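Q: Can you make the complete structure from the sequences, with help from the hints?
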Amino acid sequence: MSIFVDENTKVIVQGLTGGQGRFHGLRNRDYGTKVVGGVTPGKGGTDVDGIPVFNTVAEAVAATGATASFVVVPPKFAADAIIEAAQGGITFIVSITEGIPAHDEARVYNRLVEEFPGVRLLGPNCPGIISPGKCNIGITSGDIALAGGPVGIVSRSGTLTYQALHELSQQGIGQTTCVGIGGDPVPGTNFIDCLAAFEADPETKAVMMIGEIGGSEEERAAEWIKAHMTKPVVAYVAGVTAPAGRKMGHAGAIISGSKGTAQAKMAALREAGVHVCLNPTEAGEKMVEIVRAL
Amino acid sequence: MDLFEYQGKQYFSRFDIPVSPGGVADTVEEALRVAARVGFPVVVKAQVKVGGRGKAGGVKLAATEDEVRTHAGAILGLDIKGHVVKRLWVEHASDIEKEYYASFTLDRPNKVHLGMLSAQGGVEIEVVAEENPDAIAMLQIDPLVGLDVATARRWVAEAGLDEAARAQAAELLVKLYTCYVEGDCDLAEVNPLILTPDGRVHALDAKVTLDENAAFRHPEWEEYRATETEDPREKMAKEKGLNYIGLDGTVGIIANGAGLAMSTLDVVNQVGGSAANFLDIGGGANADVMAAALEVINTDPKVKSIFVNIFGGITRVDEVAKGVVEALSRVTISAPIVLRLDGTNAVEGRAILEAHLNDRLLTEPTMLDAARRAVAFANQ
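Sequence lines, in order, name chains A and B. Residue numbers are given in my numbering: position 202 of the first sequence equals residue 395, and the series is strictly consecutive. Residue numbers are given in my numbering: position 3 of the second sequence equals residue 6, and the series is strictly consecutive.
Check the hints yourself; a few may be wrong.
[Said to hold, decoys possible] To give an idea of the chain A side of the interface with chain B (calculated C-beta under 10 Å), a few residues: (1) 413; (2) 436; (3) 440.
Since the hints were made in silico from the structure, they are not lab data. No experiment lies behind these values; they were computed from the predicted model shown. Glycine included, C-beta positions come from ideal geometry on N, C-alpha and C.
A: Spelled out as structure tokens, the structure:
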């Protein structure tokens, strides 16, 4: 099984007629994802390589029965697009946009929680989600993933997600689902959401978790793991050598004072019984060892 | 983007938050003119984006023209923790009855806004938080609800602000919250917020960090950008769309994606080296961006080797390879380059590089191997 999406998930792409939306939307379809429509205001009635385009999310949902949306729009339109998806009846929203103002993210997050409790937002600023062989929503290259499980991956970083997939696939270890939660300060979906879903998924036997400096999500995840997780978890936290007070690329990746360091996160995870590794390769090797011993 | 104190106060003024009358001065003469305009006594304050100005001699009280001349002359050009003072803020000195602390920032774990208010201001809030956490009244604010005056009134009472300050402080806090939200601040902090003997409340300092992601709706931020004192290489990198942070080591790093770039720094460190920089070429980088990245690193004399770590996703490895070839044809790269190339079009990328490989430009199959090789070059 997979988490959050599966082979039946119907997806619309908000921004399908744009350069990026077209590129990734079509790549997702080519992978086998059921991309059933696109949304661009004013372009309803047209199509992108056979995929029908609608003016609004509500129209697209009514016509296609889609439950998921891939939001590929510039930062200044992203907040409205996410809310439109929720209002239009979408229950799983993937936002890859980088550079959304933090105040917009805070407003969107709280509106979803208060007005649309059944809706899950993945991202913003994330690579998306891939359940190998079933569904790929986002920008992950499908050929680095391997179907069949038994590993679930959850990661705050885009390229390190690919690295993690690569480390496992190369060794013949497949993945149930790989979720990129994104590197922004207010992620819609966090580590715990994914860990809980993997814990509940019978096909996922072990979880690889990729964290990075900044915030306290890894520490919170460690507490949750200690209390609830029965499956083995391998973790890698990027940024051991990152200097304090500098944003390391991601808006959320910043060490302020003594808070948010990789060392503190690794210590918390270790304390929770997680196998903490010092680089992605070591994490991959550890996971291979765990899976082979299952 | 961090603002200087004077910019923070000007930003506060846009939102009607009371500050002391003052002005900017780049010379002793200008300082004298501002002092004459706002009235003696004045405070002459160094404008640097670093804490501990007072202790370093960057904040002085001046009661006369002569004192302004002496202090302004001494502070201009002063080196405070590596920041050379080029600009002063001169303001009318306030009599202080009480000093408080107030700030708004994002509460990341709870995904709401967080107001912090304390009757113990004028000292570092981290110290107060450590020694006497009960002295800080925390207020979580739902971004959809905001902060109203009634809530602010309860909050100032809870924080134990003096009766005489409460009504004005509550009003000021609502304005500060408006500044924080409408002004797209990551941080809006007043330390100290003061009560004067004649019963007025106003901001004596201003610490504002703006969220650069919101720059598209704030054309007025352009003037702040002009005064940003950046490392010249960081500036050059930004102009080319690269995310670069200068560090102290000897291995130049180029990677795609912030996480992989951070991880590359870590791995270099693990195998006994140290990174000269963090450089993320971003997603979907083309040959031109890659060439620019190599050129930026090439200007750093500390760099003894360059480690290019690419995992192609949206970024295509053949484009990266073309960029390397392009850069080599444009400029002489002084340090040896070690590449690790995987992901989208890696085979094509390696083929493009094949003809150019030599003992100063080589590839390694994995991130760890490449790190070891780059570190060996740097430590030679």
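Q: With reference to the structure, classify each hint as holding or not holding.
A: Verification of the hints:
Given the 10 Å rule on beta carbons, the hint for residue 413 of chain A holds: about 7 Å separates it from the nearest Cβ of chain B. The beta carbon of residue 436 of chain A comes within 7 Å of a beta carbon in chain B, closer than 10 Å, and the hint placing it at the interface holds. The criterion of a C-beta within 10 Å of any C-beta in chain B is met by residue 440 of chain A, whose closest approach is roughly 8 Å, and the hint holds.
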